[in-house]
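K.L.:
The lines below spell out each chain.
Number of protein chains: 2
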Amino acid sequence: MDKPSISAHISHQYNAELEDIRSRVLAMGGLVEQQLAHALIALVDSDIAMAERVLATDYQVNAMEVAIDEECTQIIARRQPTASDLRLIMAVIKTITDLERIGDEAERIGRMALQLSKVGTLKKQCMELENMGAQVKKILHDSLDCFARNDPQAALQVARTDLQIDRQYESIMRQLITFMMEDPRSIPRALDVIWSARALERIGDRARNICEYVIYLVKGKDVRHTSLEQIEQETLRS
Amino acid sequence: MDKPSISAHISHQYNAELEDIRSRVLAMGGLVEQQLAHALIALVDSDIAMAERVLATDYQVNAMEVAIDEECTQIIARRQPTASDLRLIMAVIKTITDLERIGDEAERIGRMALQLSKVGTLKKQCMELENMGAQVKKILHDSLDCFARNDPQAALQVARTDLQIDRQYESIMRQLITFMMEDPRSIPRALDVIWSARALERIGDRARNICEYVIYLVKGKDVRHTSLEQIEQETLRS
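Protein chains in written order, with the numbering used here: chain B, 2 to 239; chain R, 2 to 239.
Think of the hints as simulated: they come from the structure by calculation, not from any bench.
Accuracy of the hints is not assured; some may be wrong.
Claimed, not checked - The following residues of chain B were derived to be distant from chain R, with all beta-carbon distances above 12 angstroms: (1) A17; (2) R54; (3) A57; (4) E129; (5) D184.
Claimed, not checked - Reference listing, derived: stretches of chain B covered by chain R, where coverage requires no fewer than 3 residues with Cβ under 8 angstroms from a Cβ of chain R: (6) 69-78; (7) 213-221.
Quick reminder that beta carbons are idealized off the backbone N, C-alpha and C, glycines included.
Please work from the sequences and hints to get the whole structure.
P.N.:
Structural data, given as structure tokens:
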């Protein structure tokens, strides 16, 4: 074999490794999406079996995080990536941290569902969460889609929807506070609903983080701690 | 200049860069520690000026995170680190993410302090938090100390103290729930105290994460999602 074909071979393998990393992140994302969906069903339908399923799959998400992290470290050591390849690795390392924590939040919701199903759930309040849950599922799915398609423009649009989730959260919180003041005996159970709403709100924040990594990955600019308007004007238009 | 001295020169520079990264992480840690200390004073003493100071310094922590992250990426691209140098970089990337989020939690406590000082604080309940706050300050300080001294054995001991913080949190939550049930008008204010307690509990978790990165950094083994007993038996004794 002559030299160019060896290097073509190496480059082919290297690309396959990077593609493998990308698809593993998406597989992990898919699992976390599923966890969130199950946790919401468990909460709204007081479905104990579903709640237990969420708790039982958490270790898989954790294992995926550790494995992908390890693969990223090995690629850095072996391939010495630079420029956009290195940005991909950095974005992946950050994305899987957020995905793992989204899994933790889903687990938290599963735990609350389990607790509520034992002491008697707050049906109406949990239904309120259903709408917020649907939006949170969507932002998570869409953020992973932006990562899959390498699309920073779409990532900015998706990041924007987190503001709606924050507003929904505020509204649910106000309702729950009023409810607790009117019926103090409901406080312990209402707090479980509050923790679930809080977990959903945090998942929205983390999906927004994933969108920011996509912008970094494609545009090469770190846009964390930057307003969405600034990102649009300074990063995406250039 | 002959070859060995050029490479000695490069290696000297490289070491200086790695040392610089370490000291920047510690500087960022120091700033976050200060933010937490100020937030706790603001909460316990209803000190508005102190609360505003916490909110005003958050951007510094964010900027430090972005700058250190950038430096890590550049070192990977330029120096192509392997083995323990690469582990240091990976541990730093993760540590600063947690430090930044600890800063966010401190900011949250500052915000609650501001809100409580406007509507009338819950003196007694905030005092309860003071003890928990002292322990959380300690675990944060100690985790940074383990990082500074590269000490995995100490890191395991420090990680253990997070369990005490969790127990304190549970106890404070129980007290606050009872208090809200006895005096429902206090609910909105009690919730602000609850959010602060929750923020402190999360800071404990993140300090524990930092301890785990120290173990990874020195021992080369990823110990996240592993019980403290397992870490002791399988990683630190080997």
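K.L.:
Starting from the hint list further up, note which numbers the structure goes against and sort them upward.
P.N.:
Of the numbered hints given earlier, those the structure breaks are 5, 7, listed in rising order.
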